[in-house]
Amino acid sequence: MLTASGIRAPLVDDRPRSTTEEGEETIASRSPSSLLRRWGRPDNHFAGICGTGLGRWQSRAAIVTSSEANRAAGPVHLLFVSSLLPTENPTTGFEIANQAIIAAYARQGVRLSFAGFRRRDAEGPADTRGDGICLGDIVLENAGAGRAQKALWLAGALARGLPVTAAKLAGLSRRALLVRLVEAGPVEGLILNSLQMPTAYPFLTQFPAIFIAHNVEHRSAEENAANAGSRATHLLYRREAALLKRAEQRLCREAAVVHTLSVEDGAGLGLAGHPKCLPLALTVGRRQTADDGHRDHDIGLIGTWSWAPNRVGLDWFLGEVVPRLPPDLTVAIAGRLDGPPPLTPTNVAFLGRVDDAQRFVRGSRVLALATRGGTGVQLKTIEAFEEGMPAVATSQALRGVATLPKNADVADDPARFAALLAARVAAERQGADIRLDGSAFAASQRSELDCGIAAGLELFARELALGRRMPEMGALDEPALAGHQP
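Count along the sequence shown starting at 1, add 6, and that's the number in the working numbering.
Treat the hints as calculated values from the structure; they're not laboratory data.
Some clues are possibly wrong.
Unchecked claim - Derived DEER-like restraints, expressed as beta-carbon distance ranges:
(1) Ala112 <-> Ala248: 35 to 41 Å
(2) Gly142 <-> Asp419: 27 to 33 Å
(3) Ile144 <-> Asp298: 19 to 25 Å
(4) Ile440 <-> Gly276: 39 to 45 Å
(5) Ala238 <-> Ile440: 44 to 50 Å
(6) Phe356 <-> Arg441: 36 to 42 Å
(7) Phe356 <-> Lys156: 33 to 39 Å
Claimed, not checked - Dumping the calculated DMTMM-like pairs for lysine to aspartate or glutamate here, alpha-carbon to alpha-carbon at most 25 Å:
(8) Lys282 <-> Glu270
(9) Lys251 <-> Glu147
(10) Lys282 <-> Glu147
(11) Lys156 <-> Glu229
(12) Lys156 <-> Asp143
(13) Lys282 <-> Glu469
(14) Lys412 <-> Asp443
The C-beta atom is built at its ideal place from N, Cα and C for all residues, glycine as well.
Full structure from sequences and hints, please.
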């Protein structure tokens, strides 16, 4: 168990051991729980967070052979470390993806504890699962921060040698963070959910870890640099891209398993074809409701527009597609913006963050999926297809989608994009039933997600069974700054 002094008390495994003719214990004869207990010997000085047994899966490599030992060990316990604690009503793509991934681990019988910050403007409990370690209240999105806060973020990033996205979180010392993480109790390892926390606190990768890469962050920063409106902003994004690339390389090197949200992202991280890199499909998982025939607007767009890659797509849609639409088509845009909405024609309305995203989606005649950059998976695309909604999408909006529904069109040319939207709206206005049953698509996504999570857990168990050792954690009172960590 992790203690305040940073050294785990030895765990004794006194069960009978299988041996070879020479009397040596074999890997195949031991359950992961017994292997984990061997980490507790005094010369290891592992600060943590390991102790109970894995024993939940039968490995193809014959790592786990005793079902009785597995049952005795109980479910695997992992600590899910993220910038934000999970919430009951996720609204951003990051939060919705987290919800899907967490549910998939639960379906595999994994016990998860959670550690992360609480969004400062969040209402109600930070984590409804009752196992959350709240590291403090924080503002993360640019849309929720003023100029003074943004200047402080930048100053902190420059002083620490960190990317801004990680500097926002780097307010705790190593000791302070570990004292909080010990509250989770004994766990087999960490799930490092996105790169922000392990970049702000590099020592986290010294624990056995599964890294979930929601995006290829350095690629997104490079795109932001290319689209920057000033030289200063361009240089800042170039700096961010360089630091993020180094952080991603380190995480991919040190993690036992790397999950991406698309096959393309594996290549973007330099792990194309690597056995440790396993893509995950995603599902929004909302319960489908019958179409009540009510329409609030013709064309709907929804997203977190304060995130720069999303804003590129929104600006393209407003600047290139909207002028080519018939003026009687109404357009509604839901989601957070960084700053005031841009000037638009009277048929375009900005709604801000909506309370019921599903209702907004189903109140549209057709959805515009106008992605023009970024990496990872577009959750708004997955949601549209699970709802059976007609849509017009750019090719970049289809990352992670294997099969295109029959009521979805693809166009990257703005004139073609506008024409397809107008045609879909006209058909719906004339009474055509252009919505589909999206349940098969949703079931397929969920099945693929479960397969990916199961494969990652199997690989993680194999890494543990092969005896991965933990390094010395060092003094706990060292500050958690990039320049002070190995």
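When you take the CB atoms of isoleucine 440 and glycine 276, is the distance between them in 39 to 45 Å?
-> For isoleucine 440 and glycine 276 the Cβ distance comes to about 42 Å; the hint holds.
Phenylalanine 356 and arginine 441, beta-carbon distance inside 36 to 42 Å?
-> violated, 25 Å
Should the hint that isoleucine 144 and aspartate 298 are 19 to 25 Å apart at their CB atoms be regarded as holding?
-> violated, 39 Å
Within a Cα-Cα threshold of 25 Å, do lysine 412 and aspartate 443 meet the stated pairing?
-> Distance of about 11 Å is within 25 Å: holds.
Can the restraint linking lysine 156 and glutamate 229 be considered satisfied, given a maximum Cα separation of 25 Å?
-> holds, 20 Å
Check the following: the C-beta atoms of alanine 238 and isoleucine 440 are separated by a distance inside 44 to 50 Å.
-> Holds, since alanine 238 and isoleucine 440 (Cβ atoms, about 47 Å apart) stay within the stated range.
Take the C-alpha atoms of lysine 251 and glutamate 147, compute the straight-line distance between them, and say whether it is at most 25 Å.
-> holds, 21 Å
Taking 33 to 39 Å as the hint, is the beta-carbon distance of phenylalanine 356 and lysine 156 inside that range?
-> Taking Cβ atoms as reference, phenylalanine 356 and lysine 156 lie about 22 Å apart, which means the hint is violated.
Pairwise beta carbon distance, glycine 142 to aspartate 419, judged against the given window 27 to 33 Å = Between glycine 142 and aspartate 419, where Cβ atoms are some 47 Å apart, the hint is violated.
Whether the CB-CB distance between alanine 112 and alanine 248 falls inside 35 to 41 Å | Since the Cβ atoms of alanine 112 and alanine 248 sit about 38 Å apart, the hinted range of 35 to 41 Å holds.
25 Å Cα cutoff - pair lysine 282, glutamate 147 = violated, 31 Å
Straight-line alpha-carbon gap lysine 282 to glutamate 469, limit 25 Å | holds, 10 Å
In summary, the numbered hints that this structure violates are 2, 3, 6, 7, 10.
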